[in-house]
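Undergrad: Sequence:
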Amino acid sequence: MSVKGRIAAALATAVTVALGGAGVLAPAPAHAAVSRAALALRWAPIHYQDVDATGSHALGGKSDYLTKVDYDGDLNGRNNWDRAADSDVSFAANVYYSVVETSSHWFVTYFLFHPRDWVDHPFFETEHENDGEGLMLSIEKDGTDYGVLRSMVTVAHSDFYSYTPSGSSWTNGRETIDGTVQLQSSPHDAFQHPVTAQEVQGHGLKAWPQYDINGDGIVYYPSGTAETPGSTNDRDVQYALIDIFADGGLWAQRANSSLFASLGTFAGDTSGDCGVGTFSCGTNSANAPWGWDDGNDLPGRGEIATDPAKLSAEYYTIPGTLSRAYTYNPYSSAAAALKKAAETLPRTID
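The sequence shown runs 1 to 350 under our numbering.
Source of the hints: derived by calculation from the structure; they are not laboratory data. One or more of the hints may lead you astray.
Subject to a maximum C-alpha distance of 20 Å in a straight line, what follows is the list of computed PhoX-like cross-link-like pairs (lysine-lysine) [unchecked claim]:
1) Lys141 x Lys310
2) Lys339 x Lys310
3) Lys340 x Lys310
The model shown is predicted, which means the values in this text are computed figures rather than measured ones.
Turn these sequences into a full structure, and let the hints guide you.
TA: Structure representation (structure tokens):
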């Protein structure tokens, strides 16, 4: 190194030491990617939940409230129907999410849980312990913090429904698009969110207003707070998000035989008054996202969550790039087990 080079290097070292000693840090990058939690919160739906307070299985409306899988303080799926009637359980609003990612898109799945899938008449319908419906959003990376929403697929019992927001470049693929994703402003942040809705009792989920509140109902808003509805007609209840991939979370519990009867299917029995006064009570009938299945469609069991790029490519005609190679997908760790389970498990019946 030349004399001038040594002098320059020495000066640079001196400046670095001086700044460090003064507590001054080097400038941060001009732009840092948002976290997956922030992405999920930004796009989390404003959710309209219809409520029915009539009949003994309604529990005065609480059977239609959103809550956690362990709302009763344990991870036993076989006591969730029974415990819903107890006074010491929590109906604080929580929604589960998972994010998987390719170089071109984020795919965010939201899982909404109720302790009961119920009916209030003796005719030919069944009810069952636990209820899991939800949705998956496809978000294109466009250089902005949160990308642009391109599509939404919802789960209503054993069927999927596909939607696009106004102006989306995605069009019909193998499946015909079922409607338009509406966006609404939230009073709790500065964003417009997609709007979803669930029916009473069986809790099928579609884009609002294909389902809507009829009489009493709750409007849930995403935030960092898990509020409990003040009544069956509370139109501003905040819900918190829970990462499916969190340590000890739902994905980590997938082999817990107290919670799951099989891979992706919650354990549920006929104890309590499930089925009393109705046609029957089913067992092991509710599913986590990696158990969701529309048996009439090409994507396999659970792929709406575990391989959403594949499902998107099947459901829609997509201009430009849709990468199918995941840069982040914890579901992949169980890909072989999920495929094997799909070969033998019965069709989703939620």
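Undergrad: Which of the numbered hints are not met once you compare them with the structure shown?
TA: none
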